[in-house]
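Numbering that gives the first Met the number 0 numbers the first residue of the sequence shown as 0 and each following residue consecutively.
Derived from the structure by calculation, the hints contain no laboratory data.
Predicted model, so just to flag it, every value in this text is computed and none were measured.
Cβ coordinates follow ideal geometry from the N, Cα and C atoms, glycine included.
Hints should not be assumed to be uniformly reliable.
[Claimed, not checked] The calculated lysine to aspartate or glutamate pairs, modelled on DMTMM-like cross-linking and capped at a C-alpha distance of 25 Å, are: (1) 101 <-> 56; (2) 76 <-> 103; (3) 55 <-> 10; (4) 149 <-> 112; (5) 113 <-> 143; (6) 153 <-> 143; (7) 153 <-> 141; (8) 127 <-> 103; (9) 55 <-> 23; (10) 24 <-> 143; (11) 76 <-> 112; (12) 24 <-> 141; (13) 113 <-> 134; (14) 24 <-> 10; (15) 101 <-> 134; (16) 149 <-> 30; (17) 149 <-> 56; (18) 153 <-> 134; (19) 149 <-> 103; (20) 101 <-> 10; (21) 127 <-> 112; (22) 113 <-> 146; (23) 101 <-> 111; (24) 153 <-> 103; (25) 153 <-> 74; (26) 153 <-> 56; (27) 113 <-> 74; (28) 153 <-> 30; (29) 101 <-> 74.
[Stated by the list, open to error] Distance windows between CB atoms, simulated: (30) 13 <-> 119: 34 to 44 Å; (31) 41 <-> 76: 15 to 25 Å; (32) 134 <-> 112: 17 to 27 Å.
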Amino acid sequence: MSNSNSPALDEHQRYMIQAIFEAEKALKMNEVPIGAVVVHQGRIVGRGYNQVESLKDPTAHAEIIAITAACATLENKYLNGCTLYVTLEPCSMCAGALVWSKIDRLVFGATDDKAGACGSILNIAQNKSLNHHVEIIQGVLELDASELLKQFFKSRRMSSNV
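Start from the sequences, fold in the hints, and give me the full structure.
Here you go:
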């Protein structure tokens with residue numbers, strides 16, 4: 000796992016901005032503001048944002064939606080050669096989807112000390128017992144990604160105190 004000091008930082012930031020745009024869509028829908036994009040050969044092939052509440056579906060995480068869209072675009076269940084950009088470190092379900100879809104690389108913004116499964120509390124994406132390992136780059140536009148989450152949870156706390 001590496002931090003965001005890679006040579007392709009500008010490229011990583013460009014795609015993370017797209018993931019943040021997706022997260023902003025979730026925020027407007029009163030969903031936890033997490034967004035994701037899947038990139039293949041310099042082109043966004045899948046986009047997603049959290050829709051758990053609106054779809055009443057606990058699996059409707061940004062990563063799952065983006066992976067599903069990318070598989071449809073590429074007409075393949077495997078995403079070899081693809082990178083997933085997501086604003087928050089994936090949970091165990093989404094980390095499992097990274098392994099199952101054989102995505103090459105994960106780039107995320109903020110770490111998740113409560114449910115992060117790509118280095119914080121678990122590391123499913125690089126588990127040596129599994130048949131696929133995902134390269135991980137963390138901390139790209141971390142403050143921007145974190146700010147959306149802070150804004151969302153502050154708003155929820157304020158509305159629950161009313």
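Going through the hints against the structure:
1. 101 <-> 56: holds (24 Å)
2. 76 <-> 103: Given pair residue 76, residue 103 holds - Cα atoms ~14 Å apart, limit 25 Å.
3. 55 <-> 10: violated (34 Å)
4. 149 <-> 112: Given that 25 Å is the threshold and the Cα spacing comes to 14 Å, the pair holds.
5. 113 <-> 143: holds (19 Å)
6. 153 <-> 143: holds (15 Å)
7. 153 <-> 141: holds (18 Å)
8. 127 <-> 103: Cα-Cα ~15 Å, so holds.
9. 55 <-> 23: Since the Cα atoms of residue 55 and residue 23 sit roughly 19 Å apart, the hinted pair holds (cutoff 25 Å).
10. 24 <-> 143: It holds: about 15 Å lies between the C-alpha atoms, which stays within 25 Å.
11. 76 <-> 112: violated (30 Å)
12. 24 <-> 141: With a Cα-Cα distance of about 18 Å, the restraint between residue 24 and residue 141 holds, given a limit of 25 Å.
13. 113 <-> 134: holds (21 Å)
14. 24 <-> 10: The hint holds at about 22 Å.
15. 101 <-> 134: It holds: about 11 Å lies between the C-alpha atoms, which stays within 25 Å.
16. 149 <-> 30: The hint holds at about 13 Å.
17. 149 <-> 56: holds (23 Å)
18. 153 <-> 134: violated (33 Å)
19. 149 <-> 103: Distance of about 30 Å is beyond 25 Å: violated.
20. 101 <-> 10: holds (21 Å)
21. 127 <-> 112: With Cα atoms ~22 Å apart, residue 127 and residue 112 stay inside 25 Å; holds.
22. 113 <-> 146: holds (17 Å)
23. 101 <-> 111: With a Cα-Cα distance of about 22 Å, the restraint between residue 101 and residue 111 holds, given a limit of 25 Å.
24. 153 <-> 103: violated (35 Å)
25. 153 <-> 74: violated (40 Å)
26. 153 <-> 56: holds (24 Å)
27. 113 <-> 74: With Cα atoms ~34 Å apart, residue 113 and residue 74 exceed 25 Å; violated.
28. 153 <-> 30: Holds, because 13 Å separates the two Cα atoms, which is no more than 25 Å.
29. 101 <-> 74: holds (14 Å)
30. 13 <-> 119: 34 to 44 Å: violated (25 Å)
31. 41 <-> 76: 15 to 25 Å: holds (22 Å)
32. 134 <-> 112: 17 to 27 Å: Because 22 Å falls inside the window, the suggested range holds.
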